[in-house]
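Number of protein chains: 2
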Amino acid sequence: MATKEAPQITTHLCPKYERAMEIIGKRWTGLIIRVLCDGPLRFNELHKVVDKVSDRVLTERLRELETAGIVERTVIADSAVRVEYSLTEKGKSMQSVFEAVQSWADDWIRPEDMPPLEETK
Amino acid sequence: MATKEAPQITTHLCPKYERAMEIIGKRWTGLIIRVLCDGPLRFNELHKVVDKVSDRVLTERLRELETAGIVERTVIADSAVRVEYSLTEKGKSMQSVFEAVQSWADDWIRPEDMPPLEETK
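The listed protein sequences derive, respectively, from chains H and S.
Reading the first sequence from the start, the letters are residues 1 to 121 in the working numbering.
Reading the second sequence from the start, the letters are residues 1 to 121 in the working numbering.
So that you can see chain H by itself, here it is in the shape it has in the complex:
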């Protein structure tokens, strides 16, 4: 069997890139970050928007994003104790990634690409 020269693959193995994709690519993560771009939210407020996800998974994702330094959890001692989630500088800087995704989506996503989203409760 004739084999051809393996192509020069130089960039995709960048471990930083792979890690970034692991963080961003996880189901719901992108949406959570994008929602928090508009400002800090409490868990229930966030859940109202990212509404296809279960409590458990949303909690898990928020913890992962905290560990990754992208989301900050702040306890505010008001009349009642309040917990807010907001983006760190690292999280805010992802805006350019989301803009690139939106731009591609606007150009290329067609009605036939849009099967009904499955729910993962």
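Hints were generated in silico from the structure; no laboratory data involved.
Some hints here could point you the wrong way.
Since the list gives no way to pick one copy over another, a pair counts as held whenever it fits inside one copy or between any two copies.
Under the rule of at most 25 Å between Cα atoms (straight-line distance), these lysine-lysine pairs were calculated in the DSS-like manner [to be verified]: (1) K48 x K16; (2) K48 x K92; (3) K52 x K92.
With the hints as your guide, set chain S onto chain H.
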């Protein structure tokens, strides 16, 4: 309990955006597309690079990407029949998304963000 005004959330519910994130965000998908940016590959060549994924999952992802119009599967009747995977125009246009990810990763991913990648065989 004092409640504050819900923030104006206008953009994140764009279904095209959500769909794009669903496509791009799926584990291995980004890496597969990025590898194919360098040119068409046969299944085994692709598997050599995206080596942490099982045959089954790689096959599944390639089919999903074909359905989404991002990857093209070409059967070439050579001395032996050869199957190659390549990017469509839609797939190639994702380059800007990957560049945005790489740029963010270069700026923000630190050694402590890099736990050893789990394998999903």
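Hints, one by one, checked against the model:
no.: 1; hint: K48 x K16; in the structure: between (32 Å within a copy, 20 Å between copies)
no.: 2; hint: K48 x K92; in the structure: within (21 Å within a copy, 35 Å between copies)
no.: 3; hint: K52 x K92; in the structure: within (23 Å within a copy, 31 Å between copies)
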